[in-house]
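Chemist: Keeping their order, the protein sequence lines are chains A and B. Position one of the first sequence corresponds to residue 1289 (this note's numbering), numbered consecutively onward. Position one of the second sequence corresponds to residue 1289 (this note's numbering), numbered consecutively onward.
Warning: the hint list may mix true and false statements.
It does not matter which identical chain is meant; a pair holds if it fits inside one copy or across any two.
[Claimed, not checked] Taking lysine to aspartate or glutamate pairs in the EDC-like style, the calculated list, with each CA pair at most 20 Å apart, reads:
#	residue 1	residue 2
1	Lys1452	Glu1315
2	Lys1452	Glu1300
3	Lys1452	Glu1329
4	Lys1452	Asp1477
5	Lys1452	Glu1392
6	Lys1452	Asp1353
7	Lys1452	Glu1304
8	Lys1452	Glu1303
9	Lys1452	Asp1319
10	Lys1452	Glu1360
11	Lys1452	Glu1372
What the hints contain is simulated information worked out from the structure, not anything from laboratory work. The model shown is predicted, which means the values in this text are computed figures rather than measured ones.
Number of protein chains: 2
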Amino acid sequence: MTQAGRRPGTSETREEILSAARRLFGERGYDGTTIRAMAAEAGVNPALVHHFFGTKEQVFVAALDFPFNPAEAFQRIMPGPRHEFGQRVVHYFLTVWNNPQTREPLLALIRSATTNEQAATTFRQFVGATLLGRVADALRIPRLELNAAMAQMVGVALLRYVIKIEPLASASDDEIVQLVAPIIQRYIDGG
Amino acid sequence: MTQAGRRPGTSETREEILSAARRLFGERGYDGTTIRAMAAEAGVNPALVHHFFGTKEQVFVAALDFPFNPAEAFQRIMPGPRHEFGQRVVHYFLTVWNNPQTREPLLALIRSATTNEQAATTFRQFVGATLLGRVADALRIPRLELNAAMAQMVGVALLRYVIKIEPLASASDDEIVQLVAPIIQRYIDGG
């Protein structure tokens, strides 16, 4: 694709689409929001939304300043032997949580999902559609086991980075991998 | 002990002690608050605090309307064979979370611990001193493994009851026990 010259109003249009998207995701959740509806709300052609952002998933990441990109996460955790999946997931998880630039928005996300029912719904639909669904399909793992593996990691994040319970908060990354990766692997392997 | 006749002002005194306790726990955390300090703050004799509530732990449970009593939890999960500890813990956990009367205050606790650093500290110190410490001592489990087992359960609570991710949210209690109890047991048994 050739680089389009900067047109007047481009960044304003982009911003208008994002703010329309935020409103719609907030009101209707992830599943209930379409590119077409965002475009109508922002008064632009749907093709322009695709042109600026690509997919609905990408609009969501941009609009909600989402701390990680599910497509990138998927690319980071999938390649490699299946019996090392647990290790790769826990390593990636630590990378995301150890970096203050991604940790802070993740904390904000947990806060809003625990205080606001609509935020919880949106988060659930988004993560389900973009990450859990893909991983479950690619590895053919039952969803329930995948949920439980995610719960193990979310719980570690909460106790290690938010509640800061000891010795979990001060444990090294290697200790966390040794502790948690076999559990994730066990869920993947089916107990 | 003989039942003391109802004296005028008894319930007011009790309320004053509780509100002094809430202030001190809020400012100094669990570890930094003593019965003596509460008594001084409320302008009563420390013996009166013991008379009304018993221990610091019990004042805390009463003052913060804490959704479960650690001493009672300990009594519920400890008796029985060691190899069924995982099952007992998960059953107790489901009892507490399935009951709206204890679920709501637990949710409030998670919300305040994720939004307020002092609340997180107080929660950490209280749970560490009253429940995790006792269980770790009684079963001689390393604290790190116990933290990870707690993380598994906290994560299940968050995804099942707050974010309501499927199929975890709709799974039966029996499915949750089958899914999670072996993990808790594995941490207890040392991997």
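Chemist: Which of the listed hints are broken here?
Modeler: The structure conflicts with hints 2, 3, 4, 6, 7, 8, 10 and 11, although it agrees with all the remaining ones.
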